[in-house]
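Put together the whole structure using the sequences plus the hints.
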Amino acid sequence: MDDRNILEIRGLRSYFFTEKGTVPAVDGVDIDVPKGSIVGLVGESGCGKSMTVRSIMGLVKYPGRVVEGSMCFDGRELSGLRENELRKICGDDISMIFQEPMTSLNPVMKVGKQVREALMIHDRSISRAEADKKVMEIFEKVGIPEPEKRLECYPHQLSGGLRQRVMIAMAMICRPKLLIADEPTTALDVTIEAQILRLMKELRDETGMSVLLITHNLGVVAEICDYVYVMYAGRIVEQAETFELFDHTAHPYTRGLLDSIPRIGGSAERLHTIPGVVPNLLHLPKGCAFCNRCGYAEEACHKAGGELMEIRPGHKVRCIKPLETEVKA
Amino acid sequence: MKYFLKRVIGTIPVLLGVVLLIFIMLRIIPGSPVLVMLGEHYDQETIERLTELMGLDQPLLVQFFDYVKGALMGDLGVSYRYQRPVADMIMDALPYTVKLAVMAALFAWVMGLVSGIIAAVNNNNFIDRLFMGVSLLGVSMPIFMTSLVLQYIFSFKLGILPMTEDGSMVSMILPAIALGWNSAGSVARMTRSSLIEVMQADYIDTAKAKGLLRGAVIMKHALRNSLLPVVTMMALQLSSMLSGAVITESVFAIPGIGRLATEAISNRDMPVLQGTVLFTTVIVIAGNLLADMLYSVLDPRIRKGE
Numbered sequence: 001m002d003d004r005n006i007l008e009i010r011g012l013r014s015y016f017f018t019e020k021g022t023v024p025a026v027d028g029v030d031i032d033v034p035k036g037s038i039v040g041l042v043g044e045s046g047c048g049k050s051m052t053v054r055s056i057m058g059l060v061k062y063p064g065r066v067v068e069g070s071m072c073f074d075g076r077e078l079s080g081l082r083e084n085e086l087r088k089i090c091g092d093d094i095s096m097i098f099q100e101p102m103t104s105l106n107p108v109m110k111v112g113k114q115v116r117e118a119l120m121i122h123d124r125s126i127s128r129a130e131a132d133k134k135v136m137e138i139f140e141k142v143g144i145p146e147p148e149k150r151l152e153c154y155p156h157q158l159s160g161g162l163r164q165r166v167m168i169a170m171a172m173i174c175r176p177k178l179l180i181a182d183e184p185t186t187a188l189d190v191t192i193e194a195q196i197l198r199l200m201k202e203l204r205d206e207t208g209m210s211v212l213l214i215t216h217n218l219g220v221v222a223e224i225c226d227y228v229y230v231m232y233a234g235r236i237v238e239q240a241e242t243f244e245l246f247d248h249t250a251h252p253y254t255r256g257l258l259d260s261i262p263r264i265g266g267s268a269e270r271l272h273t274i275p276g277v278v279p280n281l282l283h284l285p286k287g288c289a290f291c292n293r294c295g296y297a298e299e300a301c302h303k304a305g306g307e308l309m310e311i312r313p314g315h316k317v318r319c320i321k322p323l324e325t326e327v328k329a
Numbered sequence: 001m002k003y004f005l006k007r008v009i010g011t012i013p014v015l016l017g018v019v020l021l022i023f024i025m026l027r028i029i030p031g032s033p034v035l036v037m038l039g040e041h042y043d044q045e046t047i048e049r050l051t052e053l054m055g056l057d058q059p060l061l062v063q064f065f066d067y068v069k070g071a072l073m074g075d076l077g078v079s080y081r082y083q084r085p086v087a088d089m090i091m092d093a094l095p096y097t098v099k100l101a102v103m104a105a106l107f108a109w110v111m112g113l114v115s116g117i118i119a120a121v122n123n124n125n126f127i128d129r130l131f132m133g134v135s136l137l138g139v140s141m142p143i144f145m146t147s148l149v150l151q152y153i154f155s156f157k158l159g160i161l162p163m164t165e166d167g168s169m170v171s172m173i174l175p176a177i178a179l180g181w182n183s184a185g186s187v188a189r190m191t192r193s194s195l196i197e198v199m200q201a202d203y204i205d206t207a208k209a210k211g212l213l214r215g216a217v218i219m220k221h222a223l224r225n226s227l228l229p230v231v232t233m234m235a236l237q238l239s240s241m242l243s244g245a246v247i248t249e250s251v252f253a254i255p256g257i258g259r260l261a262t263e264a265i266s267n268r269d270m271p272v273l274q275g276t277v278l279f280t281t282v283i284v285i286a287g288n289l290l291a292d293m294l295y296s297v298l299d300p301r302i303r304k305g306e
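Protein sequence lines correspond, in order, to chains A and B. Going by my numbering, the first residue of the first sequence is number 1, and it counts up by one from there. Going by my numbering, the first residue of the second sequence is number 1, and it counts up by one from there.
These are calculated hints, taken from the structure and not from any lab test. Hints are not guaranteed to be accurate.
Stated by the list, open to error - Listed below are several chain B residues computed to face chain A (Cβ distance under 10 Å; list not exhaustive):
id : residue
1  : Asn123
2  : Gly133
3  : Ala201
4  : Asp202
5  : Tyr203
6  : Lys208
7  : Leu213
8  : Arg214
9  : Ala216
10 : Ile218
11 : Lys220
Unchecked claim - Some chain B residues judged to face chain A by a derived CB distance under 8 Å, without partners named:
id : residue
12 : Gly74
13 : Asp205
14 : Pro300
Values in this document were obtained by computation on a predicted structure and should not be read as measured data. Ideal Cβ positions, reconstructed from N, Cα and C, are used throughout, including at glycine.
Right under this line is the structure:
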C-alpha cells in the first residue's frame with residue numbers, strides 16, 4: 001500500500017444474490033483516496049457507488065455481499081475483519097454521512113445524545129458532561145446556532161439542513177481520518193448544499209482528513225473534489241484529477257454527464273440527456289457496458305469491453321476509442 | 001398534561017353513550033325483572049309495590065338519569081337475584097380478574113417480546129421459524145382448547161398444578177398461560193415484523209456507521225422504534241383481560257368479572273349485567289387512554305404542547 005493513501009480499494013466485487021440471478025453491483029473497482037484530499041465518486045443512480053462505500057463500512061444489505069477484493073485503510077486490511085473489529089474503526093477513524101438527513105437520525109432520540117453516543121462508544125473514559133461539552137463545540141463548528149438548546153431537540157424539530165449538520169457533527173466528533181459522504185447534499189436545497197459543501201471543505205483544510213464523496217452531480221465535483229472516479233454499471237470507466245477530467249474528458253459517458261448539466265446562458269433549448277437507461281446488471285452487454293447508449297460506439301465496442309488504460313498521466317479510461325484522442329487527432 | 005386532561009374529558013361522551021345503549025338494550029329485552037325476582041308465587045299488589053320500589057314505574061328518562069347519578073356515586077343498583085349491591089359484587093370479583101389479567105399479561109408480554117426479538121434477530125432461520133410456529137399456535141388455538149390441553153397435561157397427567165382456582169397463586173398459573181399465550185403470539189409476531197422493518201431504516205445504518213455493535217444497535221436504536229405499534233396492542237390486551245376473561249374464568253372456575261357477567265345473563269340479573277358491562281367499558285377506555293399516553297412517551301413526534 002502506498003503511504004500517501006489513506007484508503008486503497010483493489011478489485012472490490014460486491015454482488016447481490018437474488019432469485020433471478022447474481023447482480024454484479026460492484027465489479028472489480030480500484031479506488032485510491034490520498035491523505036488530505038477530497039475524492040469524488042460519480043455516476044447515475046444504480047451504478048454501484050453507494051454499494052462501493054457500503055462495502056467499506058460493512059453496511060451491505062442482504063442479499064448483497066462483498067465477494068472479493070481488498071480494502072486497505074491506513075495500513076489495515078478491512079475486508080475479512082470481524083464485525084466488532086470493523087465497528088471499532090467505524091465512527092472513529094472512518095465515519096460516514098448519508099443521503100437522507102430526514103431519515104438518517106433516530107426519531108425517538110435527542111440529537112445531542114445521538115452525537116454524544118458516537119463519542120462515547122470510542123472513548124469509554126469520557127464523562128457525560130465532558131462529552132456534552134465536546135458535542136456543543138462540534139455543533140458550533142458545523143454552524144448549528146444555539147448549540148446548547150439543540151442538544152435537547154429531537155430530529156423532527158430541526159430543518160433538513162440542520163439535520164445534515166448534526167450528521168456531519170456526529171461524523172466529525174471523533175476526528176476521523178476518512179469521511180465518507182454518500183450524496184450528502186442530494187436531499188437539500190441548493191443554497192444549503194453550497195453551505196454544506198463549503199463546511200466539508202473547511203473541515204478538511206482544518207483537520208487534514210480525507211473525504212470520499214459520492215455524488216451524481218458533476219457540479220458538486222467541480223466545486224470541491226481534487227480527484228474524480230466515474231462509475232458505470234459497477235465499474236470505474238474514467239478517473240482523473242478534476243481539472244483534467246473536465247478539460248480532457250475521454251469517456252463518452254463522462255461527456256454525456258457533463259453535457260447534461262444545465263448552463264445559464266446555454267443556447268440549447270432542450271437539456272442534453274444520455275439516451276437510454278442504465279443497463280440491467282443481470283444482462284450486461286457483451287462488450288462495453290455503455291455501448292448501447294454510446295453515440296460513438298462501433299462494432300468492436302459490442303464485442304470487447306476494454307480495460308482501464310492510462311491515456312495521460314493520472315488519467316485512466318475504460319474505452320477502446322477514447323474521445324480525447326479522436327477529437328484532438 | 002393538558003393533552004392528557006383533554007383526552008380524559010373526551011372520554012365522557014363515550015361513557016355516557018355506552019351507558020345509554022346498555023340501558024336501552026336491557027329495557028327492550030322482553031320479560032319483566034319484577035317477575036323474575038318474585039318467582040312463581042305472587043300477587044298483583046306485590047308486583048306493583050316492587051315495581052314502585054325499584055323505580056320501574058318512572059319514565060325511562062328519569063330511570064336513566066337516576067342510574068347515571070347513582071353510578072357516579074358508586075351505586076350501580078342491587079342485584080335482583082342476590083339482593084346485594086352490584087358495586088360490592090364487582091369489587092369481590094375484581095381481585096380474581098386482576099390477578100389473572102396481570103399474570104397473563106406479564107406472561108404474554110415477556111414471552112411475546114422476547115420471542116419476537118429472538119425471531120427477528122434470527123431472521124428466517126430455524127430459530128425464527130420455531131418461535132413463530134409456537135406463537136402461531138398460540139394465536140390460532142381457541143382458549144378453551146388451550147385450557148383443556150394444559151389441564152390435561154399439567155393437572156391430570158403430571159399432577160403438578162391444580163386443575164381449578166383454589167385461592168392460591170399457583171392455581172392461577174395455568175389460566176394465566178392459557179389466556180396469555182394467545183396474546184403472547186400476537187405480541188411476538190408484531191414485535192418481529194416491526195423490528196425487522198425498523199432494522200432496514202436509515203438511522204440503523206447511521207448507528208452501525210457510528211461504531212455500535214449489533215446488540216447495542218438493536219437495544220438502543222431499533223427496539224424503541226419498533227415497539228411503538230406493539231405498545232398500543234399490549235395496552236389494549238391488558239384492558240381486555242381486565243374486563244374479564246369469560247372463557248378462561250369459566251374453564252378454571254375463577255369467580256371473576258367474566259363469570260359474574262355470564263351468570264348475570266343466565267339469571268336475567270339486569271343490574272349486575274349492566275354493572276359489569278359498564279365496568280368493562282371504563283376499563284377499555286382507560287386502556288386506550290393508557291396506550292395513547294405510552295405512545296406519546298415513547299415517540300416524541302406525537303407529544304404536543306411542549
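Handout entry: Indices of hints not satisfied (ascending)
Key = Checked against the structure, the hints that fail are numbers 2, 10, 12, while the rest are satisfied.
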